[in-house]
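Novice: In case you want the letters, here they are:
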Amino acid sequence: MSAETIELASTAEDDTRMRLELERTWSGRPGLIGWLTTTDHKRVGLRYIITSFAFFILAGLNAGLMRLQLARPESHIVGPDRYDQLFTVHGTAMMFLFAVPMMTALGLYFVPLMVGARNIAFPRLNAFGYWTYLIGGCLLFGALYLNTGPDTGWFAYVPLSGPAFSPGKRVDIWAQMVTFTEIAALVGAIEIIVTVFKNRAPGMSLNRMPLFVWAELVTAFMILFALPWVALGSTVFLAGDRLIGTHLFNPAEGGDPLLWQHVFWFFGHPEVYIVFVPALGMVSEIVQSFTRREVFGYPALVLAMIAQGFLSFGLWVHHMFATTVPELGASFFTATSAMIAIPIALQIFCWIATIWNGRPRLRTPMLFVLGFVITFVIGGLTGVMVASVPFDLQAHDTYFVVAHLHYVLLGAVFPMFGIFYYWFPKLTGRFLDERLGKLHFWLFIIGVNLTFFPMHFLGLQGMTRRIYTYLPETGWGPLNLLASCGALVIVLSVLVFLANAARSWRTGALAGDNPWDAPSLEWAASSPPRPYNFLHIPVVQGRAALWSRTPDWPVVTGLRTDIREILVTTVLDAAPDSRHRHPDDTIVPLLTALAVGATFIPLIFTPWGVVIGTACLLPPLVAWAWPRSPEHDEQRSEEQGAAV
Amino acid sequence: MRHWSAAARLALCGSAVAAGLSLYGCQREERRFTEWPPTATAEGAVREVELQPGPPVRRVATRSAYEENAYAVSEGKRLYGQFNCSGCHFHGGGGIGPPLMDDEWIYGSQPENIFETIVEGRPNGMPSFGGRLSVQQVWQLVAYVRSMSGLVPKDVAPGRDDHMQVTAQEQQTDQARPKQSFQPPSTTRP
Amino acid sequence: MSADALGTLLQQPLQFPGAHSALAPAGPQAERVHALWQFMWIVSAVVWVVVVLAALYATFRRRMPAVDAPLEQREPLSSGGPGMLTAVIGATAATIVVLFVFLILDFRTGRALTTPPAGALPIKVTGHQWWWDVQYPSSRPDQIVTTANEIHVPIGRPVVLELASADVIHSFWPPNLVGKRDLIPGYTSTLWFRADSAGLYRGQCAEFCGYQHAKMAFYIVAEPPEKFTAWLAQQRDSAHTPADSLTRRGREVFLSSSCVMCHSIQGTPAGSRVGPDLTHLGSRLTIAAGTLPNTRGNLAGWIVDPQSIKPGAEMPSNQISPDDLQALLAYLETLR
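Chains as they are written, first to last, in the working numbering: chain A, -7 to 636; chain P, 378 to 567; chain X, 473 to 808.
Bound-form chain A, shown alone (with noise of 0.2 angstroms):
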């Protein structure tokens, strides 16, 4: 049988046959052995989504707290050391268990969909990736509750962070946590980026993915980059430093304070783009399905995506101004972090451009990105307005700082949730509802500037950052007073959204494969989709796949369906190449997720973890590499000829 893709689709019989092999063949195991063992990227992917949200609300609940305290000046509703803990924590699992997550976790339930995949890249390391996540932060918020959350900001900046300021096993922990759920966003990365290069249908070469998939890429190579940094200074050195009596940050021993700054800031940078990027993806799938016309700019919408990726590696000492750095040095992050506005910039103009000519509809999904454009392009002047090293060492440090944060990263929220009611109907088979849709969409933006805004001029008033409270001759109280009134309204309208989900996902209004006529691949899965997800693998004719397919729509035949094989296509031009078997369920990622806990749980307390750590890894590692059966050698030899 040969892997060709000139074949017709088959018979109707035939469909019959195939379908219920391939549901066979890809389904997991019932029950909560199945639920525990699947190598599903779907099943995994929104596991992924829906914890990484569920984390977004914990963590808005500290920040809901913070806000309730600084409403008033003087106010005694927490007091410092546990309002330290709120707004690390609030900081930590925004950035580590929500955001990137979320955005990577989208990547893992959609990307294979979107290049006509049957299942992502390394399917077992996916399912590990969520156990471990899932312990981590766990981790971090079993401590919160018990009282031993971490206490000195996401940031950790040492010497606070450090062994001489910072007593018991608070920053431990963060440490350890961060490493955790790093590892699960490097695995995601890995797998995205396979997924992209080598699992793509047939006729979809790199200029004809869609964008999603071209951010998730960048992302992906951005992670790989940019992760392993804040890993090696928070388990390696940090720890190091508060456990063994290392000197790395002791000045007086020949360490360096601004050392921590530096590799934190080279992860810290980057991360926000990371956080970033995939949003610019989503705004382009629903900018060309809801005006019903291909994006203007595809090679410039990819150009500018990639020189961000590059780009933001190069800007974060931005984050330093306000430290030694020479002024020559700190001019040269000026100027990048002016560049790196650019490629945004050319993205906007290219999705105005796009609306302009087209027939928008303003459905929910298209109103989220309007709002999209109103707030980040606020978030990206005031971006501008910090890259200048005077006006910075105003405004470092301050709630002017913090309004620009959230209305950048808020610019990501506004596309994630434009896309969760672009998606809900593909996940699940359903609308959601579109007058709460708008309802949460008008609630969500009043919300969110009625909270920032007024934090630009507190900033400029003097109000820095990470303070439990302030006294009332500074006059902050009534701008203080609106924002936390604007926290609310961002409360009711998460609420609102919650109760949307809740209630369409058993009863909203079915929806068909396509209800939005949507140009990309996961519109020709079903909705939600089989566990194999398209019966056969189609031969991709276009940017627009769907749009531009051909009444005799070509499809890949040739592949097994009594064992989970999927088709490898090379990297330019997705021209098929070989097949692959892929492993089928099996417990052995939650098992070894558990032996990499067994590592780094130990480690908060003593550095003997490493020992026990490698003990309890090597079984389930061994399990994991364990080769198949002889029938699984032969297959391998006959695809390799294949490929030949």
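Since the hints were derived computationally from the structure, they do not count as laboratory data.
No experiment lies behind these values; they were computed from the predicted model shown.
Beta carbons: idealized from backbone N, C-alpha and C, even for Gly.
There could be a bad hint or two in this list.
Stated by the list, open to error - Label-pair distances were calculated between CB atoms; the ranges are:
hint : chain 1 : residue 1 : chain 2 : residue 2 : range
1    : P       : Ala442    : X       : Trp513    : 52 to 60 angstroms
2    : X       : Ser780    : P       : Val543    : 32 to 40 angstroms
3    : A       : Leu354    : X       : Ala565    : 27 to 35 angstroms
To be verified - Residues of chain P placed beyond 12 angstroms of chain A at every Cβ, according to the derived structure:
hint : residue
4    : Phe467
5    : Gly474
6    : Pro500
7    : Val533
8    : Arg554
Fit chains P and X to the given chain A structure using the hints.
Specialist: Frame of chain A, contents of chains P and X only:
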């Protein structure tokens, strides 16, 4: 979907419980900024020699609440430096005053003994700090002094300082089990 | 300004505008940054309005009238003509030009603010958790002035601050006068500014430094040069000797209780450098790092229970008998 909700609940609860049990350290992490602890002991309970009339009374090793609290021990370390205890005791190795990181305790190693030492002073040069330090500060110092010979739990003991390194970190100090007999200094010094 | 007047002022926040704000510059450094800010926000506002209007117009000008219009109406896949391309390229070029203008202005403003001029008054500031140690250095040791949380500067004369930290990273920031500079252990940083109008300017620590980061403020008192010289001369004196029995008793209380473990008063045996120098406590406008006006009642509350005002501060609560407290307060008030 039903399987998912039940399984999800189970998994989340399980992880949370596991994490919680491993992290349970309320005592360790409490930041008690203000408290009015009782003074050292009831009358007669602080003994400076082991010899007692009547049958031998088994001594129960006590551990003060301060010794399970990382913040208290770290405050004790700060005070040790700020009030120049190291001027006589150096960083535990002793000099003008006896070492504090070894297993020999002239006046007893129990927290209340050390409390008395600091508050009342001792012969041969230990000043009396009573009235100059608050009771809470003395208890914090007591906890730190005990940590110098490894007598507090490892996760409570402090790590390295941000100064030049002159001694091993307290959290890596092996426990120097206190010798039970109280030796007057005249019998131990040449 | 006396402590009482400050106290009254501090109780009326709405009449104390601009004393802690980057938007009310009182010196050339803050002035230039303020000018840069005004240019940037006006240009940004224009850009935002243009972009949002374009997006809204693009959305509404030809939108589908009915929500559920037939799906077969799909736009051609063409790019929209050369006009659109020109518009997008033009807008991007305009963006680049605007950014370049910003960049030039940034660099020029930055250059103007960097180098301290000659003849600047040197002051050393050391950050502690959670107070500011201020020292006016001198080549003669008996002329060195040590105070805390309050910096007097003469107007019209540049001041250069040498910033260091005793423990963790802090950040010194008087927004009316100049942008901030971090105090990093192991480094000495420099910050200079000039106050051009007399007044009281508040600043606050701007780098998270622990439990009481929120209440680590300081005041800069900008005064005419003669008043500044008089103040400096007064600060150089040792503490006043107590004149009556109550204040003498107060000094005894100070020297025999826990105060002496951490605080110094020049001219007495108290010489500890752990906490702020109290030699001229009575002349300061605030106590507890800008948290409370320096009045008798506030001082009493602070001495007896600092943890209720600044929980986590290094100063312990003190059990002190009422008579001793009154004597102590009387003595501290004489330390002008």
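Novice: Next, verify each hint and record whether it holds.
Specialist: These are the hints, each one checked on the structure:
1. Ala442(P) <-> Trp513(X): 52 to 60 angstroms: Roughly 55 angstroms apart at Cβ, these two residues keep to the hinted range, so it holds.
2. Ser780(X) <-> Val543(P): 32 to 40 angstroms: 37 angstroms, holds
3. Leu354(A) <-> Ala565(X): 27 to 35 angstroms: 31 angstroms, holds
4. Phe467: Fine: 17 angstroms to the nearest Cβ keeps Phe467(P) off the interface.
5. Gly474: Holds, since 24 angstroms exceeds 12 angstroms.
6. Pro500: 34 angstroms, holds
7. Val533: 8 angstroms, violated
8. Arg554: Its Cβ never comes within 12 angstroms of chain A, the nearest being 21 angstroms, so this holds.
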